[in-house]
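Asks: Below are the chains, spelled out letter by letter.
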Amino acid sequence: MTRLWTFLSRLWALLRSRQMDRDLDEEIASHLAEAEEEYIQQGLSPEDAHWAALRSFGGVTQTREIHRQVRSFMWLDDLRQDLRYALRTLRRSPGFTMVAVFTLALGIGSNATIFSVVNAVLLEPLPYAEPARLVALKETRPLAGGTTGQRVTVPVSAGSFFDWRKQAPALEQVAAVVTLDVTYAGGTEPEQIGAAAVSANLLPMLGVAPMLGRNFQPEEERPNAGSVVLLSHGFWQRRFAGDPSAIGQVLTLDGRRFTIIGVMPPSFDGAGSAGLTRNAAPELLLPLTLVEAGASRAASFFDVFARLKSGATLTTAQTQIDAIMQRLEKESPETNAGRGGKVLSLTEAIFGDVQSTLWLLLGAVVLVLLIACLNVANLLFARATLRSAETAMRAALGASRRRLIQQFFTESLVLTCAGGAAGLMLAWASLQTFMSILPSNVPRMDSVAIDGRVLAFTLLISLLTGMTFGLAPAWQGAQTDLNATLKAGSRSNSGGSGRARTRNALVVTQVALSLVLLMGAGLLLNSFVALRGVDPGFDPRNVISLRVNLSRENYGTSEKRSAYYERLLTEVKSIPGVESAAVVFPVPFASFISNQSFRVPGRPIDPAEQLSAQYNVVSPDYFRALRIRITQGRAFTERDRIGSPPVAVVNETLAQRIWPGESPLGKRLALGGDESEVVGVFADIKQRQLDSEPRLQICVPVSQQPMRSMFLAARGSWEATMLLPAIRQRMAALDAELPLSDIALLEERVAGSIRRQRFAMLLLAIFAGTALALAAVGLYGVMSYLVAQRTREFGLRMALGAELRDMLKLIVGHGMKLVLAGLVLGVAGALALTKVLAGMLFNVRASDPATFVAVCTLLAAVGAMACYLPARRAAKVDPMVALRAE
Amino acid sequence: MAPDKSDVLYGTLGLMVIKTLEALGPLHGYRIARRIEQISGNQLALNQGTLYPALLKLEQMGWISSKWGKSESGRRVRIYALTRGGRKQLHQEEAQWLRAADIVERFLKISENA
Chain S
14 MTRLWTFLSR LWALLRSRQM DRDLDEEIAS HLAEAEEEYI QQGLSPEDAH WAALRSFGGV
74 TQTREIHRQV RSFMWLDDLR QDLRYALRTL RRSPGFTMVA VFTLALGIGS NATIFSVVNA
134 VLLEPLPYAE PARLVALKET RPLAGGTTGQ RVTVPVSAGS FFDWRKQAPA LEQVAAVVTL
194 DVTYAGGTEP EQIGAAAVSA NLLPMLGVAP MLGRNFQPEE ERPNAGSVVL LSHGFWQRRF
254 AGDPSAIGQV LTLDGRRFTI IGVMPPSFDG AGSAGLTRNA APELLLPLTL VEAGASRAAS
314 FFDVFARLKS GATLTTAQTQ IDAIMQRLEK ESPETNAGRG GKVLSLTEAI FGDVQSTLWL
374 LLGAVVLVLL IACLNVANLL FARATLRSAE TAMRAALGAS RRRLIQQFFT ESLVLTCAGG
434 AAGLMLAWAS LQTFMSILPS NVPRMDSVAI DGRVLAFTLL ISLLTGMTFG LAPAWQGAQT
494 DLNATLKAGS RSNSGGSGRA RTRNALVVTQ VALSLVLLMG AGLLLNSFVA LRGVDPGFDP
554 RNVISLRVNL SRENYGTSEK RSAYYERLLT EVKSIPGVES AAVVFPVPFA SFISNQSFRV
614 PGRPIDPAEQ LSAQYNVVSP DYFRALRIRI TQGRAFTERD RIGSPPVAVV NETLAQRIWP
674 GESPLGKRLA LGGDESEVVG VFADIKQRQL DSEPRLQICV PVSQQPMRSM FLAARGSWEA
734 TMLLPAIRQR MAALDAELPL SDIALLEERV AGSIRRQRFA MLLLAIFAGT ALALAAVGLY
794 GVMSYLVAQR TREFGLRMAL GAELRDMLKL IVGHGMKLVL AGLVLGVAGA LALTKVLAGM
854 LFNVRASDPA TFVAVCTLLA AVGAMACYLP ARRAAKVDPM VALRAE
Chain D
12 MAPDKSDVLY GTLGLMVIKT LEALGPLHGY RIARRIEQIS GNQLALNQGT LYPALLKLEQ
72 MGWISSKWGK SESGRRVRIY ALTRGGRKQL HQEEAQWLRA ADIVERFLKI SENA
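These protein sequence lines map, in sequence, to chains S and D.
Numbering-wise (the numbering used here), the first sequence opens with residue 14 and increments by one.
Numbering-wise (the numbering used here), the second sequence opens with residue 12 and increments by one.
The hints are simulated quantities; they were obtained by calculation from the structure and are not laboratory data.
Ideal placement from N, C-alpha and C gives every residue a C-beta, glycine not left out.
Just so you know, nobody snuck in bad clues.
If you only want the chain S side, here are some residues facing chain D, beta carbon under 7 Å, derived: (1) W18; (2) T19; (3) S22; (4) E40; (5) S43; (6) H44; (7) G71; (8) T76; (9) I79.
Can you make the complete structure from the sequences, with help from the hints?
Replies: Okay, structure coming up:
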């Protein structure tokens with residue numbers, strides 16, 4: 014109790030320390046006056062009384078000092094003093110302060126920026142109950158059309174889903190999700206809405222409950238159960254203005270009526286459900302129809318999630334899934350040959366892709382910060398040397414070493430705090446730009462913001478930074494040899510060879526670190542250029558593409574769909590400016606690809622190697638519209654119709670793989686049930702990724718396989734976006750109820766596929782550039798300082814007849830020695846560190862010699878420049894001035 | 012330092028102050044100092060200045076309180092008064108001191124007898 018009271022009153026005293034000083038002074042004055050009065054009454058003269066009063070009082074100053082110590086926390090008082098002093102000295106040298114603060118702002122700011130992304134995307138726990146126990150399940154199979162035996166993860170077939178649900182004891186609940194688009198006709202125009210069909214146990218498994226209404230019942234998973242729908246919070250707000258009476262109302266989707274049974278909480282919107290579905294965020298949830306009897310093992314389109322039983326691990330679950338899949342492979346080799354299953358944590362499933370890039374960038378900014386620290390440390394060293402006279406004086410006046418270190422330290426902290434604040438502003442300003450180059454499929458990126466955690470992180474790294482670069486110079490500053498410094502008087506002192514060594518080491522380290530960063534950036538840049546230079550096999554320029562979905566009611570038959578596509582193409586081709594047009598599913602570089610397994614009639618089935626190819630349904634003009642070369646035979650024509658013999662066109666890789674050394678024309682392929690005749694061969698194209706290996710590819714005519722959903726691709730003679738209004742208009746005239754979605758230039762789709770690489774490359778380049786600039790400034794600073802220190806010596810040399818050239822050689826030579834040492838160290842470091850990049854590189858080795866040479870040359874050139882400028886200044890010095898300067 | 016005068020024992024100044032305030036009621040600093048000097052029969056070398064940090068400490072402990080007032084001669088002075096907590100503390104410390112003094116006295120007597 015007493016202790017608390019004491020603490021509080023000290024705290025109080027801290028706040029009103031000036032007032033208390035005044036009070037004490039007044040109290041002492043009246044004390045002395047009282048005493049004087051008494052002495053006078055005792056018969057002393059006023060003057061004697063005055064001195065007697067002071068004598069009996071003792072030291073007034075000591076009293077004040079002790080009073081102050083008792084009053085409050087000593088260290089705080091010191092801190093305040095130090096702070097005031099630090100601010101004053103920093104104000105006195107604005108140049109130094111600005112450079113230091115700016116450097117720190119760059120370092121801290123880039124860290125704050127990247128951290129705020131890492132924070133929102135990776136560190137925020139998933140908004141589900143006990144997310145650590147949630148897993149995602151995938152099927153694996155040999156790469157479709159692959160030629161090198163790689164495996165890919167694919168969604169799960171309904172058959173596997175039921176088996177896993179029943180036969181894997183480590184999984185407590187197994188839920189399935191199917192992403193789909195539905196047409197909603199409630200607004201002014203029909204629109205495609207992202208939706209998901211989910212098994213009834215999905216929400217309970219996640220630990221999420223509807224905010225209003227109820228969840229799906231298990232019986233609603235049965236076919237022909239009453240149609241029900243759950244709304245996302247956002248959809249409810251937009252369409253029903255948040256009216257609770259929406260529950261029970263009917264929503265018409267895809268021409269069918271659905272009763273609204275509930276509304277999801279806002280936390281399930283957007284980022285809240287990231288990764289569960291393939292669209293950005295489902296606006297509507299529908300019950301997934303599950304029929305176990307005769308569930309397909311061939312088609313796989315379920316995304317499966319599960320909760321581990323408490324105590325079960327990923328490994329136990331994986332072992333059980335493996336056992337199930339091995340058994341299935343034996344039981345039904347025709348569908349399950351080569352198939353496996355994979356269990357991975359939900360976080361890994363959602364963030365696997367982005368994770369590596371973000372951690373890489375965080376690593377890069379930490380390096381930038383380190384370089385910034387070294388830079389400021391260097392500046393502080395220089396300053397400590399310049400201020401050694403001042404330090405010595407303060408030491409002579411009785412400042413303890415601890416006190417001196419504390420003083421230097423405070424200065425560093427003031428600098429970093431200023432740098433941190435400026436860095437935060439920088440981060441805030443750059444976050445917008447940053448978000449615009451972030452790949453659009455990064456989960457939860459719309460929740461990136463500078464929040465409390467980012468602030469705390471920034472504060473933490475600011476303090477750490479201050480300690481890192483502040484401690485060493487503070488220590489050295491306090492080591493000053495009193496006698497020597499004071500005796501040296503105004504003569505400049507070079508600060509001793511030990512100090513010079515430290516500073517040189519700092520510069521060498523900076524150069525080395527920048528080299529590592531530059532190497533990383535250089536490699537990614539090379540890789541990106543190589544990637545962008547890849548020929549996709551088609552010409553994506555000036556092609557606009559969009560998706561059409563035909564409704565079940567009006568386009569129930571193949572004939573109707575076929576007829577629609579024919580009319581559509583006739584209409585679109587008649588638009589002025591359209592060079593050619595085609596329908597295709599899926600269009601290359603759409604967000605999905607379609608695979609089809611096939612057999613070669615007459616050849617035995619090899620269960621170990623199931624043949625499967627990337628599969629496109631196309632109209633005759635597809636090859637012309639995308640400018641894909643037909644290398645043998647023919648493309649499709651109007652004569653390939655329903656009823657005419659089924660035909661297919663295959664790519665060169667398939668032709669060579671299946672019929673090596675033979676002409677594929679006239680050969681037959683069994684696709685599903687039908688046998689198709691190969692009538693042509695086209696040059697390989699990339700379907701989804703520029704860096705993919707050649708795959709087996711098959712195209713079939715849309716007239717023989719008219720699907721409900723197709724992409725329209727139209728090549729314009731110029732800017733293809735200009736065609737869009739006309740296309741919309743023609744399509745509305747054909748059928749106003751059809752929703753259009755996924756509108757994009759083919760070029761955008763291709764560029765979108767390398768956005769992540771572009772993002773990593775751009776950012777690393779920015780950070781490497783920052784590092785280079787900082788290293789250059791550091792080197793420049795050291796050289797300038799060196800030159801200033803040795804002005805006298807240089808003057809003497811000049812006076813003795815040294816040529817300008819000699820001087821330059823002397824100084825630049827010294828600097829370049831440091832650069833060279835840094836390069837050697839940096840190359841060693843880069844060789845070790847760029848290995849982590851290996852997985853992100855395309856057609857470039859992590860130890861690419863050309864990149865190494867280029868980066869070293871760049872650094873050497875920048876280094877030489879940073880040395881040359883101060884050297885030239887030194888060489889221009891008038892010898893007489895230099896000699897007199899002392 | 013004069014051998015016949017002893018320094019104020021560490022920690023006892025506070026006790027003297029609160030005892031003084033108990034005996035005489037609220038007082039200002041100078042009066043407290045003078046009173047302590049008088050009671051000790053000028054046996055104590057009290058630097059009157061040291062009184063003020065001691066007063067501050069007592070106030071921080073919550074044993075005395077202070078406010079501005081007038082001295083007998085009409086000067087503005089800070090007047091200190093014992094609080095209830097201070098009174099309790101005084102009784103405790105008094106008892107402790109007496110006990111300690113008693114023990115020391117007995118100890119000294121035994122030593123003399125031996």
